[in-house]
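So the sequences go chain by chain: A and B. Here my numbering is used: the first residue of the first sequence is 55, the next is one more, and so on. Here my numbering is used: the first residue of the second sequence is 55, the next is one more, and so on.
Worth flagging that the hints you see were computed from the coordinates, not collected in a lab. It should be emphasised that the depicted structure is a prediction, and the values quoted were computed from it without experimental measurement. One should not assume that every hint holds.
When chains are identical, the list treats them as one kind, so a pair holds in a single copy or across two.
Derived lysine to aspartate or glutamate pairs resembling DMTMM-like cross-links, with alpha carbons at most 25 Å apart [to be verified]:
no.	residue 1	residue 2
1	Lys-447	Glu-526
2	Lys-530	Glu-136
3	Lys-110	Glu-336
4	Lys-373	Glu-153
5	Lys-230	Glu-114
6	Lys-496	Asp-167
Number of protein chains: 2
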Amino acid sequence: MLILKVNKRSEIPLFKQVFERIKELIEQGVLKPGDKLPSSRDMAVHLGVHRSTVYKAYEELWAFGYIDSRPGSYSIVREREELATLEKRAQEGIIPWNEICTPLVDDMLKFIDEATKEKTTSPDTINLAMLDLDPRIFPVDDFRKCLNGVLVDDGARLLTYGDAQGYRPLREAIAKRLQIHSIEVAADEIMITNGAQHGLETILKLLIEPGNKVLIESPTYAIVIPLMQFYRSQLLPIPMREEGLDLAYLRKTLEKEKASFLYTMPNFHNPTGISTNQAHREELLALCEEHKLPIVEDAFEEEMKYFGKVPLPLKSMDKKQIVIYLGTFSKVLFPGIRVGWIAAEKECIKRLVAIRKVSDLSSNMPLQAALAEFCEKGHYELHVKRMHRIFRKRMQTALKAMKDYITVENVSWTEPTGGYLIWLHLKNCPLKEERVHDLLLKNGVLVVPGRFYFPTRPKDPYYRLSIASLDEDEIKTGVQRIAKTMEKIYK
Amino acid sequence: MLILKVNKRSEIPLFKQVFERIKELIEQGVLKPGDKLPSSRDMAVHLGVHRSTVYKAYEELWAFGYIDSRPGSYSIVREREELATLEKRAQEGIIPWNEICTPLVDDMLKFIDEATKEKTTSPDTINLAMLDLDPRIFPVDDFRKCLNGVLVDDGARLLTYGDAQGYRPLREAIAKRLQIHSIEVAADEIMITNGAQHGLETILKLLIEPGNKVLIESPTYAIVIPLMQFYRSQLLPIPMREEGLDLAYLRKTLEKEKASFLYTMPNFHNPTGISTNQAHREELLALCEEHKLPIVEDAFEEEMKYFGKVPLPLKSMDKKQIVIYLGTFSKVLFPGIRVGWIAAEKECIKRLVAIRKVSDLSSNMPLQAALAEFCEKGHYELHVKRMHRIFRKRMQTALKAMKDYITVENVSWTEPTGGYLIWLHLKNCPLKEERVHDLLLKNGVLVVPGRFYFPTRPKDPYYRLSIASLDEDEIKTGVQRIAKTMEKIYK
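I would like the entire structure built from these sequences, with the hints used as guidance.
What follows is the structure, encoded as structure tokens:
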């Protein structure tokens, strides 16, 4: 008979004490595989405890694999599989993940590693690379109160699975807000997504079979390139001109190629900052209508028309329903809530919702409800106005500084009519793009090298400058440092 | 000269009045395409307003596409593209979405339409179909306070883009919690997902090339079937036996087939409720190690071991790092926050994170931070204990009622050791599955027909019963109604 002791005055529950003592005996090898434990009745008598205490301890031993026990039978010590603790487990497992994963993943990994490679910056570096909004201007408190309020009022419901199409009051608020931009869509024609990029991915799932062709602008939003490649689509780049994507080039391409859709950013294009004019938009729409080509209109900065002069979104004129419109709160409110949306014809939305149901079921409910409340209470509109005031001044400061300080003839840049982005072009540059980038950094300013935005590397160096996270002083200093670097390069 | 009037005492801003009046004149055809508007200077004099007011009105007219204007030139009325209002736009667009979308989407749509077809239920119907948790037991208030607290303390940061791998303190809290289940992983070996299903999808992105084979249990979680088909994988079903997936069958399959991974639910399997025993797990793990086959262990109800007796998770014994472990808060806390996780070898996690970056960037931050706080403050542990008390009684009630009321010899069911699911089997049934389902509903009880869980329809009718959203009285009534229906069918 085993001799065990329990301490009835200990804070540790009795069954735990019994469990621990027997576990120790097994681990020390005192009890060996095949040994029988006393019946729970005998053990209870021996320890002077209730039988249920022993029963519970035996259950724990079984759960952790120390004993075998079948109803009515004795409990037998078993050869227990060792736990895979950090020490016990192989440094490297037996699955060669790099070999068994789809080759597309390693391409993606390479792209991301390169694009997000940390550069050594000093605390003094001006970061003109980040398109993340300046957190200093987030309306945190109003949003927090809305979030808290909806959970007080309707918490239990907001914590259940939501509508895969998105929380209806939020879809209604978005439909209402889109009217400001002359877009008239019903809440049924909107699906909420986890950000605009997730929206684009869902559209790829809908429309892309491996090998299908997609028309993109060149340059375009950097992550679009590996994303579309991951969906095994073939990219057909349409060059960007000063006035937007080259319509003549697009027309010719459409005459010889069958594409699944065109991906375009008519406002404050990423990375160039270019917005197309009204005539360009009408011609683009007519051309795509003629070819029955769906347009994915990425309107990630639709709200940031702070200089006023901005033509109509493609979606606002989309009488033949070929436009799939992507929106987001990330570039005007905050990105950490991951809420964007797709507006498209009902038959298209219906299929996107089916994809959501099979993919990740739905977006989270509490943040959607808080956003709906935030819009309904008027906070959103006020915030947009505030953003306009702030960024109108910041962009004016940036453009004025560029004009004042950058005097090298070969260096030119776009003059955006809103948004956050300026695109710098270095003609006849004696240095390579990477080298200029390093020099800029050495002079205390971080920008994004242009090559990440092109499907194939361009001849000249380009750099994307973003004013999204900087105040006017920082912008001015950043531009001065760029100017100084340009002078050195071209001297 | 046009004659316009403005009302200087109106609440409507002057520029808006000018804008509206000119817009009307254009829409009424008084002003025609090609007509010149007066210069802003002349118009200002005519109206007796400041020139900037007119300038702003002209900007609005330009933005909405009513006039062309170039710097220094007069403004000219243009042929404006009509807005695509709900009335003006085609009832049906020109894109045949059903034809251009990938054929996989329409298969998916069909599956979802059928699986989620609303049955007419009366208010009195007992819903044994829902695996959604009972919202009456959600710890709404504690969670709300955590959420509000983290936003008070650290709001601005929590509203920026988060770490694509997931909010680190939450990964740490999960790593700590997994120790309860004998699983030792580091925070680096965890990636947060938008629920367990989203985790599975991300794994498919990592491992599946079109045509690859995946081993699944048959029956299995219903949505897994269309999801895996959407990723163009070929399903290799392994039959479920009373003790879990058929190991001999798996062994034979592995001898002739090369599969990308095995998807399995060792605990409280969906839909059968079966848990495998310790020996089964050890054998399964050894077999897959031998074939270097990754195992995706879906542990969606790991926390719900309320009867105590549950063997070790595969991951806890995974010394050779072949197990990708899927966890979630949806089936123990609440699903509306959409938070789950993947625990796997670092090299595997690294690639999953790259996929996230290209796919949807990251999960939302505020809900992750609130969960981390909820765990750290001990609310989570207390809640799980409460859930155990509640569902131990509910499952006991269900199983007792089944035994007491269902006396038809041909009807059998599983006896789960935790979780929410019971699997009903009707041998030699004179009626088809659909017919029995209708009869059950007529008798006031809704269950899920078994066919949705099989890649190919089984001979006998099966039904999944879930106690997740019902209290003891409701469960008892539901079982009584099932018993009554069974008697009628087999009489």
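Hint check:
1. Lys-447 - Glu-526: Classified as within; 8 Å inside a copy, 64 Å across copies.
2. Lys-530 - Glu-136: Answer is neither; intra-copy 62 Å and inter-copy 42 Å both fail.
3. Lys-110 - Glu-336: between (75 Å within a copy, 23 Å between copies)
4. Lys-373 - Glu-153: between (49 Å within a copy, 20 Å between copies)
5. Lys-230 - Glu-114: Only across copies: Lys-230 and Glu-114 sit 19 Å apart there, 58 Å inside one copy, limit 25 Å.
6. Lys-496 - Asp-167: within (22 Å within a copy, 59 Å between copies)
The earlier numbered hint that this structure contradicts is number 2, and it is the only one.
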